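Chains as they are written, first to last, in the working numbering: chain A, 27 to 261; chain B, 14 to 355; chain C, -19 to 333.
Think of the hints as simulated: they come from the structure by calculation, not from any bench. From a predicted model like this one, the values you see are computed outputs, not experimental measurements. A virtual CB, placed ideally from N, CA and C, is assigned to each residue, including glycine. Check the hints yourself; a few may be wrong.
[Said to hold, decoys possible] In the DSS-like style, the derived pairs of lysine-lysine whose C-alpha atoms are separated by at most 27 Å in a straight line are:
hint : chain 1 : residue 1 : chain 2 : residue 2
1    : C       : K141      : B       : K179
2    : B       : K126      : C       : K(-18)
3    : C       : K31       : C       : K(-5)
4    : B       : K59       : B       : K179
5    : C       : K230      : A       : K35
6    : C       : K261      : C       : K305
7    : B       : K155      : C       : K(-18)
8    : C       : K261      : A       : K253
9    : B       : K179      : C       : K(-13)
10   : B       : K112      : B       : K76
11   : C       : K(-13)    : A       : K261
12   : B       : K153      : C       : K(-18)
13   : C       : K261      : B       : K268
14   : C       : K261      : A       : K261
15   : C       : K(-18)    : B       : K268
16   : C       : K141      : C       : K23
17   : A       : K223      : C       : K(-5)
18   : A       : K35       : B       : K179
19   : C       : K191      : C       : K141
[As the list claims (entries may be wrong)] Here are the computed distance ranges between Cβ atoms for each label pair:
hint : chain 1 : residue 1 : chain 2 : residue 2 : range
20   : B       : T333      : C       : D(-1)     : 25 to 33 Å
21   : B       : G161      : C       : K233      : 24 to 32 Å
22   : B       : D160      : C       : K120      : 48 to 56 Å
23   : C       : D92       : B       : E92       : 36 to 44 Å
24   : C       : K261      : A       : G77       : 41 to 49 Å
25   : A       : G77       : B       : K76       : 57 to 65 Å
26   : A       : V202      : C       : K120      : 25 to 33 Å
27   : A       : Q175      : C       : G260      : 20 to 28 Å
28   : B       : N237      : C       : D(-1)     : 51 to 59 Å
29   : A       : A46       : B       : G219      : 15 to 23 Å
30   : A       : Q175      : C       : F232      : 19 to 27 Å
[Stated by the list, open to error] A few chain B residues facing chain C, derived, Cβ under 8 Å:
hint : residue
31   : E128
32   : E131
33   : E132
34   : G136
35   : I137
36   : S247
37   : E248
38   : I250
39   : V255
40   : H308
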Amino acid sequence: MENYLELLKQDIRFEEGLNACMNCGVCTAICPAAEFYNYDPRKIIDLVQSGDNNEIEKLLKSEEIWYCGECMSCKTRCPRGNAPGLVIMALRGLSQELGFFVESEKGRQQLAVKRTVGQWILDHGYCLYLEGVGTDLHPEQGPVWDWIQDNYREVFHRLGANYQGEGPGILRKIPVEAMEEIRKIFEVTGGNRRYEKIEYYSKKKAEEMNMKLDEGIDNEYFRYIYKTNNGSHTK
Amino acid sequence: MGKHVVVIGGGTAGMEAAGQLAKEGFEVSLVEKEEETGGHIKDWYKLFPDRRNSSEIRDYLEKKVTSKSIRIMTGTYIEKFHSYRDGFSLFTQDGTELKADAVVVATGFDLFKSEKKEEYGYGIYDNVITSADLEAMFRKGKISMSDGMTPKTVGFVHCVGSRDEKAGNFYCSKLCCVTAVKQAIEVREHLPESKVFSFYMDMRMGGAYYEELYREAQEVWGINFIRGKVSEASESINNKIVIKVEDTLAGRPLKMELDMLVLMAGMEMSEGGNRIAALSGLKKGENRFFAPLDHHFANNLSNVKGVFFAGTCTAPMNITETISHARSAVSEVINYFNNTNS
Amino acid sequence: MKLEGKKAIWSEYQKEIADDRFFYVRSCVRQNFFPGSETTFLKIMRKELMKDIYEHPCHTTCTGIGYHGDIVPVETAMTVVARQFSLMTEAGYENLLPSCITSFGLYTEILDTWHHFPEVEEKIRKQLRKATGREFIKPKNLAHASDVIYKFRKEISAKAKFRLINKNTGEPLKVVDHIGCHYAKMFPSKGIGGAEYPYVLAGMVEEWGGKVIDYPERRHCCGFGFRQYLVQANRGFSIACSKEKFESMKPFKPDMIITNCPGCPMFLDRWQYVINEMEGKRYGQNGESIPVFTYEEVAGLVLGYNPWDLGLQMHQTDCEPVLDKMGIEYDPDEKYNTSIPDEKVKIPGLVNV
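For reference, chain A alone in the conformation it holds in the complex:
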C-alpha cells in the first residue's frame, strides 16, 4: 500500500489547502454539500490529517469525496487558513490516478465528465459545446432550450455570435494551430494521461459489472453512470 499522505503532499493544492485543522466546524456549517449530502468536510480533513493510511484509502474509494461542489465557501471562513475544497480536489485527483474512483457510484461518473466536458475541450477548445445537446439529457433546460436547439444558428446570429466562424467572436471556430497547442499542452502536462486513466479504469469496471462500454455517450455503461442514483447519498 502506498503512503497516500505523501502522495497527496505532492499536489500543490494539498499544500495550500491544509495547514492544521482544529475541528472548529465552520466549514461544515457553511458547506452546501453538508446541508444536503451525508457529507462533513471537517471529518474528512480530520481523517486526512491523522495520516491513517487505511482510512485514507477507504476515503479515496468512497462516495464522500465526490459530494463537494467546489464553491470554496469553506476557504473564506477557516480560522486556520485551510481549504477543505482544495483538499477534496487533491483527493479526487489521487483517486483517479490510482483508479480508486470506480469503486463508488459518484466516482464512476468521472467518465461522464471526461467524455463530455473533457472531449469538448480537446475537440473544440470550449468546456461546453452544446449544439445538439438537447432536453433529453437536460430536461431542466426547458422548452426555451428546445426552441434554441431548433433554431440554433439563427438565435446565436441574432445575438452577435460568430458561430464556427473565422476570427474573434462567440463560439468561433478556434484555429487549428491553437487547438494543436492545446493538445500538446495536454500531452506534456499529464492531461492526456489523466484522461487515459479515467478510460482505462472505467473499462475495467464496466467489464467487471458486465456492461457494454463503447465510444461516446450512447452506451450502457455511460447511461448507467450518468443516471444512477442509489438514493443513499442524502440525509
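Chain A is already provided as a structure; the job is to place chains B and C on it using the hints.
Quick look at chains B and C alone, frame taken from chain A:
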C-alpha cells in the same frame, strides 16, 4: 529615595503599580488618557468566577492610589518619549515635561473590533452585540433587543477575533470563555424564561474556580453548550438572527434562529500601547502585544533599560494576574534602582 | 439592518481595476447560454465607453469547468492559462479581463499559487515552452468584466434612458444581487466589497436606482457544483441549493435577481422553471417568478437597448414583468423571431413561467 517614576496608563495595572510604588517611597506620576482612571474595570458589572461586584475592585484600586506621592493626570497622554543615559523625559500633549528615573508602561488592552469579523454582521444587524455591549446592559439592569423587547433565545459566540488567522490574531485571549459562561448565567438569572446557547471550540477554564462555574452553568442554569464555531450570522425577515454552525460532537450542521447573538470579542494590544511603542522603541511580539525581555523570568522587563511592563499590555490576563504582574513590576523597579546605585 | 456598517466594509475592500486596454477572454457557459451578454459587454465598452478591448481569435477555454470537474490536472490547467497569458503578451496587452467568474477565480488562484511557490511558476514556464514554444508575462491587472462595469457605473448612469425604478409606484426595484462563489470567496481581497458583503453588483444597482435586498441565504452557492450539475444523477444537489435561496429571498419580495457569474443566472433561471413544474411553486409576487439577469443585461436595459438584442429571449423565466415595471417598451412578436425574416420560426409552447 527621591526617585520619580512615571506610570503610563491608569487602569488596573497602572493604579496597582502606582499605589505600590508610592508605598515603597517613590514619587509617582500616573498618566491616563481618559477622563477617569479605572480602565476596563469600569465596564464590568460582576466579575468571574464568583460574580462579585466590580465596584469592589474599583474601590480597592482608588483607595490604593490615594497618596500624596501620586500625581494623577487624567485626560493626559504622552506625545514625546526620550531616553537618556540616566533617565527619561516624557512630554504630555499640553507640553508638560515629566522627568522620570523609571517608567512603567501599563497601557492595557483594547477589545477586538467585532466589525472586522464581517460574517457575524456586527454593526449591520441590530441584534448582534458584543460581550461589552451585553455587560453594559447588565449595568443598566435591562437586557433588551434593538426594538426594546426581551430576548427569549440568546447565543454566545466564542473566539471572536482570537485563534483566527482571518481576524489577524493567532493567539487565544484566555478570558473570553469564562466571561461567556458568566454572562450566560447572568442572562439566565435576569431572564429565567430564556434559552441560552454557547457556541465554543474549546472551553478554556484555566483559572481558580472557572471550571466549577462552567459546571454550574450546565447543572444549575441549563445553558446549552454546543461545540462548533459559528460560521455566519444573517437577519431574517422578522429581525431575528439566523446562524449557521456545526454541532461537531454530533457531526451535524445546524441552522438556528436566535433573538440575540453575543460576540465574545478577544483582547488586543491597545491603541495607546501602539502609540507608546512607536514613540519609545519598545519591541512588540508577533502577537503585537509588548514583548517582555523573557517570558518566564523577566516578564516585567523590556528591551529598554528602566522601562517596565505591567498588566495586559504584554498578554491577555485576568484581574488577579494583572495585579500580581503590577506588583512584580514594582519589585523590578526597586531592583533596577538598587543595581544602578551600587 | 444598518447600511453604514456595510458601507464601512465596502470601503475596506477596494481593488485596482485597469482603466483601458483590456484583453478579453470569453466564457464557455456565457457563449452557450448568454451570448447576448458578451455582445452587449463589448458594445458598452467600445461604443459607450470608447475603450480599447481586444479579443485574440486564438484564445481558448481556461479549462475551469474541466479543472473543477476534476478531469483536468492542475498543471494542465496552469499551462493552458499560461498560454492565455502568452497570447496577451503577444498582443501587447497587460490587463486581463475574463468574462467568466470561474476563470477569474482560476486566474487569481494560479497567480496566488505562483506567488507563494515560484518553483511551480518556473515549472509551468518550462512546460509551456516545451509544448508550444511560448513565453509569457503575467498580467499587470486582473479584473472581472463585472468589476469594469462597476467601475464605469456612473458613466453608464449618465447615459441611462431607464432606471431600476418601478414606474407605477416610483419605488426603487428590489434587487437580489447574487455573486458567483469564485469571485470573492477564495480571495476576499480580490473582490470589491470582500466576500461577505460584495459590492460589485450592489454598487451598480444603487447607482442605477434600485435597492439591494439582504436575505439570510444571500451568500449561499446557487448550486452549480460543476459535476453536481454536469451529471444528471447529481442534479438534485444543484436544484436544492437554488431552492434554498429562493425560499429565503421570497419574504423580502424581490422584483429581480442580478448576477455576475455565467452559471448562476442560468441555474437561478432554469431551477425556477423546474420547481414550478415539479411543485407548482413560484417565488415572485402575484404568482410570478423572479426574472434573473446578467449585469450586462441590466446595463443594457438601463441604456435603453432592445431587450431582444440583449438575449432575454434565451431565458426560460420571462423577463417581461421587470421590463414592464421599468417602463421599457418592447415588441413581443420580435421575441422569438430570428434575424432571418423568411425562415419559419417555431415558437416554443408553454414557455411562460
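Hints, one by one, checked against the model:
no.	hint	verdict
1	K141(C) with K179(B)	violated (43 Å)
2	K126(B) with K(-18)(C)	holds (17 Å)
3	K31(C) with K(-5)(C)	holds (20 Å)
4	K59(B) with K179(B)	violated (32 Å)
5	K230(C) with K35(A)	violated (45 Å)
6	K261(C) with K305(C)	holds (22 Å)
7	K155(B) with K(-18)(C)	holds (23 Å)
8	K261(C) with K253(A)	holds (26 Å)
9	K179(B) with K(-13)(C)	holds (20 Å)
10	K112(B) with K76(B)	holds (26 Å)
11	K(-13)(C) with K261(A)	violated (39 Å)
12	K153(B) with K(-18)(C)	holds (24 Å)
13	K261(C) with K268(B)	holds (23 Å)
14	K261(C) with K261(A)	holds (23 Å)
15	K(-18)(C) with K268(B)	holds (23 Å)
16	K141(C) with K23(C)	holds (16 Å)
17	K223(A) with K(-5)(C)	violated (42 Å)
18	K35(A) with K179(B)	holds (24 Å)
19	K191(C) with K141(C)	holds (18 Å)
20	T333(B) with D(-1)(C): 25 to 33 Å	violated (59 Å)
21	G161(B) with K233(C): 24 to 32 Å	holds (26 Å)
22	D160(B) with K120(C): 48 to 56 Å	holds (51 Å)
23	D92(C) with E92(B): 36 to 44 Å	holds (42 Å)
24	K261(C) with G77(A): 41 to 49 Å	holds (48 Å)
25	G77(A) with K76(B): 57 to 65 Å	holds (59 Å)
26	V202(A) with K120(C): 25 to 33 Å	holds (31 Å)
27	Q175(A) with G260(C): 20 to 28 Å	holds (26 Å)
28	N237(B) with D(-1)(C): 51 to 59 Å	holds (54 Å)
29	A46(A) with G219(B): 15 to 23 Å	holds (22 Å)
30	Q175(A) with F232(C): 19 to 27 Å	violated (36 Å)
31	E128	holds (7 Å)
32	E131	holds (4 Å)
33	E132	holds (5 Å)
34	G136	holds (4 Å)
35	I137	holds (4 Å)
36	S247	holds (4 Å)
37	E248	holds (6 Å)
38	I250	holds (4 Å)
39	V255	holds (5 Å)
40	H308	violated (31 Å)
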